[in-house]
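Going down the list, the sequences are from chains A and B.
Going letter by letter, the first sequence gives residues 1 to 106 in our numbering.
Going letter by letter, the second sequence gives residues 1001 to 1165 in our numbering.
Hints may be right or wrong, so weigh each one.
Pairs of lysine-lysine residues, derived as DSSO-like cross-links and limited to a Cα-Cα distance of at most 27 Å, are as follows [stated by the list, open to error]: (1) B/LYS1124 <-> B/LYS1060; (2) B/LYS1101 <-> B/LYS1053; (3) A/LYS85 <-> B/LYS1013; (4) B/LYS1037 <-> B/LYS1101; (5) A/LYS71 <-> B/LYS1053; (6) A/LYS105 <-> B/LYS1048; (7) B/LYS1053 <-> A/LYS102; (8) A/LYS102 <-> A/LYS85; (9) A/LYS85 <-> B/LYS1060; (10) B/LYS1037 <-> B/LYS1060; (11) B/LYS1101 <-> B/LYS1055; (12) A/LYS103 <-> B/LYS1037; (13) B/LYS1089 <-> A/LYS102; (14) A/LYS56 <-> B/LYS1013; (15) A/LYS71 <-> A/LYS44; (16) B/LYS1013 <-> A/LYS71; (17) B/LYS1053 <-> B/LYS1037; (18) A/LYS105 <-> B/LYS1013; (19) B/LYS1053 <-> B/LYS1124; (20) B/LYS1093 <-> B/LYS1124; (21) A/LYS85 <-> B/LYS1037; (22) A/LYS72 <-> B/LYS1013; (23) A/LYS72 <-> B/LYS1016; (24) B/LYS1089 <-> B/LYS1053; (25) A/LYS85 <-> B/LYS1093; (26) B/LYS1124 <-> B/LYS1089; (27) B/LYS1048 <-> B/LYS1037.
Hint data in this document are derived by calculation from the structure and do not stem from the laboratory.
Bear in mind that the values here come from a model prediction, so they are computed numbers and not experimental data.
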Amino acid sequence: MRRDIFQAIADPTRRAIIALIALQAMTPNAIADNFHTTRQSVSKHLRILTECELVKQEQQGREIYYSLEIKKLKEVDKWLNQFRKLWETRFNQLDDVLSTIKKQKK
Amino acid sequence: MNNNLLFDFTVDKAAKTVYITREFDAELALVWDAFTKAELIDQWIAPKPMIAKTKYQDFKVGGKRFYAMINPEGQERWAIQEYTSITPKTNFKMYNAFADKDENPELPGSEWDHSFSDQNGTTKVHITIYNESLERMERILDGFTQGMKMSLNNLENLLQTLSNK
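Isolated chain B (complex conformation):
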């Protein structure tokens, strides 16, 4: 990993919103593909040792991606995404909800907004995730914390983040 790449992550729990900014050392067209083409998304979206598997994807407004996150025990957690807005190589929005294996969504879900911009050959991506329910935000975590070693940053780091705002 290139440590010079910007990574900014903030959670506004009161507004139920997560803000993420990340730079990638690749041209915009490629980064856009990595976020919008199922065969590429599946290669990175599931934190190892989990894997992602897309059953089908129709990348157009009103179209959907139906996929599962699978843990090392083979347990599948299905979810469905509906694309609500697409501006090629600039922005796309979607509504994400957990689902059962027959595509029945479990509401409420979350609203995702992705923006892409070129920065002289590197690409900056802004992601905003709005969750209708806080419990849901915490449920997402529960799914991923399994098998992942969590590190607790020291207090100084947090204070620095807080006081820089």
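Isolated chain A (complex conformation):
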């Protein structure tokens, strides 16, 4: 089953993991060191992030490193921005309407 990417980033721990590995590829142990939670719990979050292709794994020697799939994250960014842009445009128009009315009243 392919997971919903938006469900994946709705969880605060997973968002924190994304922010962490955005800086550098990390092993599950190194990631877990940053959280007050069990190694199993971090593994579960990593599995979910991997399933929706937000992170990728890379074997280096005996260790597995997790890093961010930037292209995938940009899809989310683009989707959100379309909505944001729509409202920004509307509200800028409303600012103009409000200032016109205020001037008329004076």
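Chain A is already provided as a structure; the job is to place chain B on it using the hints.
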């Protein structure tokens, strides 16, 4: 536009909900009118080059606003809003659905909740939009992305938003 005005926008796709907060440099009574009087709503709700046209509005609980968004080619997209709760100058709720030109709604629609508060002369508005269907949320976008230039913010901005939560 005054860049000091707060604008916060978040989408919780899992909860099918959009949360919007915006401040306006105007007194509450005026902002309330701009959101609740059709002749004012029509002046800002459609992102240019689209225009909005309200056919009729009855602003009371159980009353409706029937309106169209019209694109530069003259294509009309009708929708109907039914007011479900009104607390003057504080809050109003409505149910919004696309419709045909004869007012037959296309369900499911979305539930809108608007709250207004005065902040020493400026007005803060909170909007919550719950969509019963995700496809519908995306359809709304399709309608507006036409003719609008979309900018893709860089990854850093998103990461900052994500990590600040």
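Status of the hints after comparison with the structure:
no.: 1; hint: B/LYS1124 <-> B/LYS1060; verdict: holds, 23 Å
no.: 2; hint: B/LYS1101 <-> B/LYS1053; verdict: holds, 12 Å
no.: 3; hint: A/LYS85 <-> B/LYS1013; verdict: holds, 17 Å
no.: 4; hint: B/LYS1037 <-> B/LYS1101; verdict: holds, 21 Å
no.: 5; hint: A/LYS71 <-> B/LYS1053; verdict: violated, 40 Å
no.: 6; hint: A/LYS105 <-> B/LYS1048; verdict: holds, 26 Å
no.: 7; hint: B/LYS1053 <-> A/LYS102; verdict: holds, 23 Å
no.: 8; hint: A/LYS102 <-> A/LYS85; verdict: holds, 26 Å
no.: 9; hint: A/LYS85 <-> B/LYS1060; verdict: violated, 31 Å
no.: 10; hint: B/LYS1037 <-> B/LYS1060; verdict: holds, 11 Å
no.: 11; hint: B/LYS1101 <-> B/LYS1055; verdict: holds, 10 Å
no.: 12; hint: A/LYS103 <-> B/LYS1037; verdict: holds, 19 Å
no.: 13; hint: B/LYS1089 <-> A/LYS102; verdict: holds, 18 Å
no.: 14; hint: A/LYS56 <-> B/LYS1013; verdict: holds, 23 Å
no.: 15; hint: A/LYS71 <-> A/LYS44; verdict: holds, 22 Å
no.: 16; hint: B/LYS1013 <-> A/LYS71; verdict: holds, 19 Å
no.: 17; hint: B/LYS1053 <-> B/LYS1037; verdict: holds, 12 Å
no.: 18; hint: A/LYS105 <-> B/LYS1013; verdict: violated, 42 Å
no.: 19; hint: B/LYS1053 <-> B/LYS1124; verdict: holds, 26 Å
no.: 20; hint: B/LYS1093 <-> B/LYS1124; verdict: holds, 16 Å
no.: 21; hint: A/LYS85 <-> B/LYS1037; verdict: holds, 24 Å
no.: 22; hint: A/LYS72 <-> B/LYS1013; verdict: holds, 16 Å
no.: 23; hint: A/LYS72 <-> B/LYS1016; verdict: holds, 20 Å
no.: 24; hint: B/LYS1089 <-> B/LYS1053; verdict: holds, 24 Å
no.: 25; hint: A/LYS85 <-> B/LYS1093; verdict: holds, 23 Å
no.: 26; hint: B/LYS1124 <-> B/LYS1089; verdict: holds, 12 Å
no.: 27; hint: B/LYS1048 <-> B/LYS1037; verdict: holds, 20 Å
Comparing the model with each numbered hint stated earlier shows that hints 5, 9, 18 do not hold.
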